[in-house]
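Protein chains: 2
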Amino acid sequence: MQNFMWHNPTAVIFGKDTVKELAPRLKSDGIKGVLLVFGGKGTFKSGAYAQATEMLNSAGISFSEVNDVKANPLIDKVRDGIARVKAGGIDAIMPVGGGSVFDTAKAIAAGSCYSGDVWDFFTGKAKITKALPIYGILTASASSSEVNNIAVVSNPDSELKTSITSPALYPRVSVIDPSFQFTLPTKQTVYGGVDIIAHILERVLDGDEGSELIDEQGYALIRTMMRVIPELIDNPKDYDLRAEYAMAGMMAHCGFLSMGREARGDFSSHRMGHSLSMLYGAAHGATLAVIMPAWARYLYEENSVPFARLGEGVFDIFDGSDEEKALEAIEALEDFFRDINAPTTLRELGIKEEDIEKIAENASRGESFGVLSTLEPEDVLEIYKLAY
Amino acid sequence: MQNFMWHNPTAVIFGKDTVKELAPRLKSDGIKGVLLVFGGKGTFKSGAYAQATEMLNSAGISFSEVNDVKANPLIDKVRDGIARVKAGGIDAIMPVGGGSVFDTAKAIAAGSCYSGDVWDFFTGKAKITKALPIYGILTASASSSEVNNIAVVSNPDSELKTSITSPALYPRVSVIDPSFQFTLPTKQTVYGGVDIIAHILERVLDGDEGSELIDEQGYALIRTMMRVIPELIDNPKDYDLRAEYAMAGMMAHCGFLSMGREARGDFSSHRMGHSLSMLYGAAHGATLAVIMPAWARYLYEENSVPFARLGEGVFDIFDGSDEEKALEAIEALEDFFRDINAPTTLRELGIKEEDIEKIAENASRGESFGVLSTLEPEDVLEIYKLAY
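So the sequences go chain by chain: B and Y.
So the first sequence is residues 0 to 387, counted in numbering that gives the first Met the number 0.
So the second sequence is residues 0 to 387, counted in numbering that gives the first Met the number 0.
It is possible that some hints are incorrect.
A pair holds if it fits inside one copy or across any two, identical chains being indistinguishable in the list.
Pairs of lysine-lysine, BS3-like flavour, derived with a Cα cap of 27 Å [said to hold, decoys possible]:
{"id": "1", "residue 1": "Lys351", "residue 2": "Lys40"}
{"id": "2", "residue 1": "Lys26", "residue 2": "Lys126"}
{"id": "3", "residue 1": "Lys85", "residue 2": "Lys129"}
{"id": "4", "residue 1": "Lys19", "residue 2": "Lys236"}
{"id": "5", "residue 1": "Lys357", "residue 2": "Lys126"}
{"id": "6", "residue 1": "Lys124", "residue 2": "Lys85"}
{"id": "7", "residue 1": "Lys357", "residue 2": "Lys69"}
{"id": "8", "residue 1": "Lys26", "residue 2": "Lys129"}
{"id": "9", "residue 1": "Lys186", "residue 2": "Lys69"}
{"id": "10", "residue 1": "Lys31", "residue 2": "Lys19"}
{"id": "11", "residue 1": "Lys69", "residue 2": "Lys126"}
{"id": "12", "residue 1": "Lys186", "residue 2": "Lys40"}
{"id": "13", "residue 1": "Lys69", "residue 2": "Lys124"}
Simulated from the structure, these hints should not be mistaken for lab results.
So here's chain B without its partners, still in its complex pose:
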């Protein structure tokens, strides 16, 4: 097991009717004005917008708004927010939404404390040293952005969807009221669920041999998600199911499953999925349901152990050689994705075969990457072909 630091400073307020608990915190922290960051209709439909603004009004805290944040959020929206903050009167950022909204808020929070262009943080030209405090309200679980220090943003000018990470980006407080997720479209429940499962798979399939305890925690969490997602499709307003989903959502990518791992996860599939989102606007979770099984099929024969363990731990596959168990596990995972109506081929995402080379180039950018297996640009191309 590798040495590690564990310190997640975010305070989570979890449960029904908990938005109002933000008011005393904002006041005791001396916050006078916040920038509300949110997406579209869903924020109103869930009731989160009304509760957030009511809470702010009752606390006598002024607010300004940046709205219409989309999935796969764009750097221009971040720049809008920063301009708003720099105009004055704002001392905290309040995302009300899912991962895209939180990611946008984080980039605004950091960019507001920097004199250059915020994209510098994404290219490595500048380093984040501070950020405005973030008090968030989650309305869709998937990315764990509510409890981690990561933000993923897309820049169409450079055709790049990429991330920033800094201790300054942890939200100070995140409110997770699972009932805001009652009104999510089924597709979003499915894709968010795939994203949560993928965050776990990126760890347990990275080939790290000193992290059995964490692997076992991960297998249990995947089993939980496989139980919860199908039930939620039928009963989207079941509070306990939404609560389990939201809890798994915060655990999957908050750093917990990276403890003691050499690489803190593989994330090749994420990188390959990001290109599909960047170039075609494909939903993040959908890209993962397509890429992860193809990635797995491409390399399991030479790396059967983590897939075989996954088969035992998640799918009760105990017979056969490691290679046989591995293949059976990959098939079981694909079957599950199909059962919940997630796409498992590029074709289903509406992507044309002739675009595959361009997509592969966008993902590789001439570099090799990957942890379980190093992927050269030609491997990446093959995986996309396999996913077609």
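With chain B's structure known, arrange chain Y on it following the hints.
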């Protein structure tokens, strides 16, 4: 699932040769003098004392010592420490040891900021509002005291072993170097392991129905411990095994497994075990191996569900009625305790049958307690008899 707050502010530095990483933190936090709190020979044997004092000397931080802290630590030792702090020159507490040492350090940290007698916190006469910062070095995993806000201390004058809890008691930083545990006596590895398992069982057996995800995490953690403990008995210096044990040790009782639970665990067995430690100085983990199975046998017939789920999740017991599975699970747990040479009867602890009534009175103190099932004083007496 119940509403909850999750905020664990302790920074964990985990891994080999990590004590030295404390120096820059102490300096940047402006610490000039610390009170080292430790037990006996084990602190030297593990190498932790040498590394701690070398780190302090190299950082130019002065220190004073309170040593000879025993298992089931005593309030008088806490008072000694507080007197030392009040004499001046100390602005942080540094436990170097296991749970008893951390608990003593926490009580010293709180008592040093209070003008009355520290026992007032334990009786409820006073409330902890602040404490000196704690920078700890763990040498024995069991209690999770290194990452929680609880301290358990005994007071022979009132024949009471009881606890305090406060957000002020979280260590600011805890160093967990699993290699300090290479030299632990086998017994301590076993009893610490039982304690870790018991902390998980107190949650998954509390009958809470809205916490399936956490139950599943708990089952996985128990399986990990059941794999690791027997291997460690044979290979006490296996770093990866010690690391998994230490990681499970921090997860079991840091609050993680209480998320969303109505009662945050049952803890009847802990309360009944504390009386055995108070009156006979019995090792905490040993008392739990004795009490938990007796407690389970006493009430499983009317509360078979959580035991049956435990049977499925931990022991692969899938056949029979819930009641049958429950009994089989309890037997399997007892078998495991026996296999690792933990005592499972009061007799093995050297306790005389004629003392049982006095012990039961000490545990009940005229009150009823318990979550899965409310235990009246007469139930408590029966459970001790069953444990004999």
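Taking the hints in turn, this is what the structure says about them:
1. Lys351 to Lys40: Neither: 31 Å inside a copy, 70 Å across copies.
2. Lys26 to Lys126: So lysine 26 and lysine 126 pass the 27 Å test across copies only (24 Å; inside, 30 Å).
3. Lys85 to Lys129: Within. Shortest intra-copy distance 15 Å satisfies the 27 Å Cα cut-off; inter-copy 37 Å does not.
4. Lys19 to Lys236: Close inside one copy (22 Å), not across copies (51 Å); limit 27 Å.
5. Lys357 to Lys126: So lysine 357 and lysine 126 fail the 27 Å test inside a copy (30 Å) and across (65 Å) alike.
6. Lys124 to Lys85: within (21 Å within a copy, 50 Å between copies)
7. Lys357 to Lys69: within (24 Å within a copy, 67 Å between copies)
8. Lys26 to Lys129: both (21 Å within a copy, 21 Å between copies)
9. Lys186 to Lys69: This pair counts as within: shortest intra-copy Cα distance 15 Å, inter-copy 58 Å.
10. Lys31 to Lys19: within (16 Å within a copy, 41 Å between copies)
11. Lys69 to Lys126: within (26 Å within a copy, 48 Å between copies)
12. Lys186 to Lys40: within (16 Å within a copy, 61 Å between copies)
13. Lys69 to Lys124: within (26 Å within a copy, 54 Å between copies)
Violated hints for the displayed structure, listed by number in ascending order: 1 and 5.
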